[in-house]
Every structure is written in structure tokens, then in C-alpha cells.
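Trainee: What follows is each chain in one-letter form.
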Amino acid sequence: MANSQHTAPLTPTAARVKALESILLEKRLVDTAALDMLIDTYETKVGPRNGARVVARAWIDPAFRARLMSDGAAAIAEFGYQGRQTEDLVVVENTPAIHNLVVCTLCSCYPWGVLGLPPVWYKSAPYRSRAVMDPRGVLREFGVELEPDVEVRVWDSTAEIRYLVLPERPAGSEGMSEEQLASLVTRDSMIGVGKVKLP
Amino acid sequence: MNGIHDMGGMHGMGPVEPEPNEPVFHAPWEGRVLALNLAMGFHGRWNIDRGRYFRENRHPLDYLSSTYYEIWLKGLEALLVDAGFVRAEELAAGRSLVPPPNDVPRVPGRDEAHAVISKGSSYRRPETAPPRFKVGDTVRVREMTVAGHTRAPRYCRRRRGIVQEVRGNFVFPDTNAALAGENPQALYSVRFEGRELWGDAAGPKDAVYIDLWDDYLEAAT
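Those protein sequence lines, which keep their order, are chains A and B. According to my numbering, the first sequence is numbered sequentially starting from 1339. According to my numbering, the second sequence is numbered sequentially starting from 34.
Simulated from the structure, these hints should not be mistaken for laboratory data. These numbers were taken from a predicted model, which means no experiment stands behind them. Think of the CB as a built atom: it goes at the ideal place given N, C-alpha and C, for glycine as much as any other residue. Some hints could be false.
As the list claims (entries may be wrong) - Output of the computed footprint for chain A on chain B, the stretches with three or more beta carbons under 8 Å from beta carbons of chain A:
1) 53 to 65
2) 71 to 81
3) 121 to 132
4) 136 to 144
5) 184 to 192
Unchecked claim - Every beta carbon over 12 Å from chain A, so not counted as near; a handful from chain B, in silico:
6) His92
7) Glu160
8) Thr161
9) Pro164
10) Arg165
11) Asp170
12) Thr171
13) Arg173
14) Thr178
15) Pro206
16) Thr208
17) Ala213
18) Lys238
19) Asp244
20) Ala252
21) Ala253
Produce the entire structure from the sequences given, and follow the hints as far as they go.
Mentor: Okay, structure coming up:
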């Protein structure tokens, strides 16, 4: 917050939020240290690097992969990833024959524990309206062209089940370490709008 | 509710526009709004479904012209007034107009709040009755018009699908959002063929999987 003191005056929305926070503080309904912790958690601690580590492990460790596919939440808990918006996690696996894509048409449901908070496009009207109806067209906008014989499965997150896509391991990555593999895995590939590529 | 939030299958919204190197928050106030929503949720006066209902229950022009965190701000303000935490006049004035009541609820501090979000809050409940449908059953989403909150998207109503998985017993959003009870029931992963939903506009190898509660479904052939 410190640097906002030196920039332009608060926008109307920023002022409205500030007023709301001070009302809640005056009423002793919130704790400033707790608010700061919540922001820091989702801004710096929880993010798609978590999911990338899970994917890399699944690529190199068949036993972990089996646990991940049968109970996603229990498997990610092995990394210490758990909690809000990842209580029930289902992992869906991309193969040469099947491509999975995740959306929440009704709001913005997203597996926070492994991917952090969703990007703006995921929450936007264009993605939410079209992912279920024209998934191949949406994928094309992300630069992913699927062959006609590839089946597309779109997962609409209408309940408290959260979905993570296990992307295909790229050809040519056989000699790479788990850490190197994790560095290849993008957020988009775990939503299903991208593929993992070698650098 | 048949609201603007229920967007699956709408045309005219334009292309998806990813932002390279997108920050988690685009302004400091967005993080404050997220944190205030989470922190006020700790008081237990509403639940995840009621929170969603208060965000989606607004005029379509307001919904579409608000950013994501503006909707979270407006939803929170409405929840706070509804729950009696804050008066509408106080929101308008931008300051507290009455002293806090004597019975101020206990506020989780930093460590307790961290424990709460780390643990999460599952909406899974113990099974009380065997699920009505099993994997492989053909089901149809009921014709339904729900004025309040519901999680059966319009685009799948009256459509036929096949149960792929029985997810377990989960809190029912329609009653939970209305503070009318958890009414836990079986949740199913149902596969709909693209052409069942969209006709010839869909490809023959497109399918949509939707998680649907027992009350949304009827047996079909």
C-alpha cells in the first residue's frame, strides 16, 4: 500500500473499497494483519508453480500419477497444497486422442490451491460464453489447433469439484529432471488452452 | 436465476483476450476486495452459494460493465447489508454511523485466518441414501425456472446426457444460497454430446461434462 500514497488520487472504486475497509475496521469485524496475509498468500505464495510441480511429478512417477488420477486432493496434499477452492480435485489427462479444457460458465471456479487465482480472460464473458459451445475456436485463439479426430472434453465447473488438466509430456523431454520439467509447464496447459513445449 | 452470469452458449461477447504477464491484481484495491470477502466470510453468516447469488443477482448492464473485482465489491456490500453488519446509509456515507454493538463477533487474526484458508471448507457430506443414478445411466436435465440461485446452466436444461461418475454427496446450492438448509444430495458428472447441446454447430467429437445434483435430473432413455 505504501507506494499508492505517492501516485495519482484514488479512483472512485479504490476510494469506495478504502471506505468499506475502514467501516469494517471501525466495527471491529476484520483484522488488518489477516487481510494483509490473505492478499500476500494469493499474490505471492499460491500460484501455477504449484500445479507445475504436480504435473512434473506425475510425468516421472507412475505411482504418484496413479494416486493423482484417483484422488487429486490427497495427491496434491503430498506437496502441502490444499485448502480453499481445491477441496475436491479431479485431474483430467490429455492424450493424443483426447483434449480436456476447463471453464466455469456461471462464475469463476478455479483450482486455487494448484493454480492460484484465475486470470482475467478465464473470468471474462468471451471465454465463459464460448468454451462450451466452440471449444476448438477458443483453442485456436490460444494458438492451439486440434486435428478433427481429437475428442474435445470441456469441463464446466458448476459444483465444488475443481479440475486440473494433466497436459501431455512433450516429446524430447526424456532426459530432463523433475525440476526442469516443472519449468516447462504453463498455467494455460493446466487449464487446457495450451500445450507444453520444449524451449 | 436466469441471469446474465449464465453465459454458456451466448454469442457476441467477442474474442478471448489473454494478457501477457498478467499480474495477480491490477490495482491494490482488487486484493483488498478479495481479502475483505474472505475475511467477512469467516463470520459464517453466509456461505459460498449465497456469496455467488449476491454477485450474480444484478442488472445485466451492471454485471457486464463491471470488472470482476467490482462485482465482488458490489456483492460484498449487498451481503453486508443483508446480514446486518453494515447499514446502507453507512455505505453511502463511506463511514461508520453507529458504534459497534456490544456483542461484536470474534474476529480471526492472522494465524487463525491462515489456518482456515489452508484447511479449506469442503461441501462434501456423508452419504445418507444410495444415489438414484449410476454410471452409464441416461439422464435428462429437468425443465426448470429457478428465481433464486441455481447451478444448472440454461444451456443444458432439457438436454440428455450420460452419467460418467457419481461424485458423492454434496450440499445443494439452490437451498444453501437461500439459507434454507444444506439439503445434501448426490452429485453426478454428466457427459453431454456437443450436438445434443448445440446441434450441427458442434463437432461430432465435442463433449461437455457438467457436474449436476440429483434434483436437477430425471431418468431418460
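Trainee: Could you check the structure against the hints above and give me the numbers of any it violates, in ascending order?
Mentor: 15, 18, 19
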